[in-house]
Amino acid sequence: MTPQTRRRVEFILDNLVWFMLIFVLAVFSAFIPNYFQPAIFANIIEASSVLGVMSIGLALVILAGQMDLSVESVAALAAMGVGILFCSAGIGLGIKLTPAWLAVPASLLAALGIGAIIGLFNGFLIVKAKMNAFIITLAAYIWVRGLVVAISGGRSAQDLDPAIRFFGIQRILGLPLTAWIAILCFVAFSFMMMKTPFGRHLKMIGGNETATHRAGIRVSRNLMIAFVLAGATAGLAGWLLTVRTSGATANLGVGMLFNAFAAVVIGGVSLKGGVGSLPGVYAGVLLLSSINTAINLMGLPANVTQVIHGLLVLAAVMLDTFKQTIRRSLA
Amino acid sequence: MDQPLLVLDNIRKSYGAIEALKGVSFSVNKGEVIALLGDNGAGKSTLVKIIAGGQEPTSGRMLFEGEEYRAKSPAEGKAAGIETVYQDLSLCTNVDVVANFFMGREITRSFFGIPILDEKAMEAAVSKAMANAGTRIPSLRTNVENLSGGQRQAIELNRFVHWGGKLVLLDEPFAALGVEQTRRGLETIRQVASQGIGVIIITHIMQQAFQVADRIVVIRQGVVAGDVRTQDTNPDDVIRMITGESLAVSGTAARN
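Just so you know, the protein sequences line up as chains C and U, in that order.
In terms of our numbering, the first sequence has 115 at position 115, counting the first letter as 1, and numbering is strictly consecutive.
Just add 1000 to wherever you are in the second sequence, counting from 1, and you've got our numbering.
Just so you know, these hints were derived from the structure itself, not from any lab.
Being a predicted model, the structure only gives us computed values, none of them experimental.
Treat the hints with care, as some may be off.
DSS-like, lysine-lysine: derived pairs with alpha carbons at most 30 Å apart [claimed, not checked]: (1) U:1072 to C:130; (2) U:1049 to U:1030; (3) C:128 to U:1049; (4) C:195 to U:1128; (5) U:1166 to U:1022; (6) C:323 to C:272; (7) U:1072 to U:1030; (8) C:323 to U:1120; (9) C:130 to U:1049; (10) U:1022 to U:1049; (11) U:1128 to U:1166; (12) C:128 to U:1072; (13) U:1049 to U:1166; (14) U:1120 to C:195.
Could you build all of it, start to finish, from the sequences and the hints given here?
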């Protein structure tokens, strides 16, 4: 095989999920009436913003060879925190700041802070106390959701401060600001993973922790930061969720964890750690969202969505194995 | 050769009542390849750990480049320029050759205060280091998982030399390699030594020892049972030193 063909095959393998996305969009556009229009595509991007931001944090820890099952509950807690502070109806306290726009940085800070603190707590137990990441974050998945139900008393908050709500309404180039925030996050975190030493180190830790430790990389510190970032991005996802729904309920975002997992795996991130990239994860999120939209447009019962998502994850894992076989034959 | 790179002087190590090393003395010169041979339990591993850091001798002293040397941890040994290379423990196969070469020591440019990887500078440095050592890797941008065992070993050794390593210890470096890979690995070791690096290679395979080593040091029951130039001996004599069937092959053994 010539080096040129080889490079071409590797390029296709690395970006397979993008080709799948284009293929799926083309098929849907061709066969589903009304699918091919800008508003539908804008809707696909808009609907993937919350899941997208949550998937970034999850992908970071998985790339580093760890696991975080708590992202969904952390997002819910952050959403409830923002809801209680800045909603004026239901259990909302309706805090007003002057000038009014101060509510935006204040609510963001609250959401990111809540996420970061739980991430720090998880990270401490996993990295410093050397406990199992799966169990610790599963516990957090449960207790953080419990906390959401407890502090809300099972009730909801409505009527979000208009200054914050603005981000869900104002559009640039047809997309609401919330979608732009998600895109910006993907750009920033992809840059971090590809171009900075920290990102490089995280990926190498996921590949061979012993080697990085022996090379003098501060493994514990890097992993702690990864967990804090996962918590903070989950917090941001919660903030976006509040903006989208203009409030918060106790069961907000239930089930998103598995969609996030699906997006990460479909996006080409190996659960073994060290393999994958964030742009791929974004393509995975968009792919899920395109399929949801197609199901809606075709008028299929929503229950089918879950079956298709499950099958997609299976397909993604099989595809991953298949890609590895091809890569090995290339070597 | 002005002064030896590393001198071991009467190194002893006991674990409670058990004496693993009973006074080991030998030296390694710059650019010299030493094959350390010995039966299982002869004390080779203990000796390697004492040299590279990780264990401290009970008594005796070491001189490294003429200075008193004692490493409490592998990190201290590494800082001095002595390192053990274990294949599976020192490469991240999920990233490319350049990333592995610069693991933890990346060249960066500052971009509004954010450190950004300078891939071009790093790639240039790696290709220069590889060229100097005469190692050929198809592409420095391939992930290490796509490379053969021999190529991986070459990367590790070149990296070691590039970052100022002076003495490298290799514990059974060819255990998992095929014939052709082993031949290339032995060539790499010769290339590394020709750059003035001291190499201690632990092996069970007599043929490899004779192919690559300048000197063969045999450890038996915690003492040096033989310290001979490769060209002055033959496999049968070395086996006798290892099993202890016949003494008086070398002066060291006779003294003990």
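Hint by hint, here is what the structure shows:
1. U:1072 to C:130: Distance of about 25 Å is within 30 Å: holds.
2. U:1049 to U:1030: At roughly 20 Å apart (the allowed maximum being 30 Å), residue 1030 (chain U) and residue 1049 (chain U) satisfy the hint.
3. C:128 to U:1049: holds, 27 Å
4. C:195 to U:1128: holds, 22 Å
5. U:1166 to U:1022: holds, 27 Å
6. C:323 to C:272: The given pair, whose Cα atoms are some 15 Å apart, holds under the 30 Å limit.
7. U:1072 to U:1030: Given pair residue 1072 (chain U), residue 1030 (chain U) holds - Cα atoms ~23 Å apart, limit 30 Å.
8. C:323 to U:1120: holds, 29 Å
9. C:130 to U:1049: At roughly 26 Å apart (the allowed maximum being 30 Å), residue 1049 (chain U) and residue 130 (chain C) satisfy the hint.
10. U:1022 to U:1049: holds, 15 Å
11. U:1128 to U:1166: Given that 30 Å is the threshold and the Cα spacing comes to 19 Å, the pair holds.
12. C:128 to U:1072: Answer holds: residue 128 (chain C) to residue 1072 (chain U) is near 23 Å, not above 30 Å.
13. U:1049 to U:1166: Between residue 1049 (chain U) and residue 1166 (chain U) the Cα gap is close to 16 Å, so the pair holds against 30 Å.
14. U:1120 to C:195: holds, 12 Å
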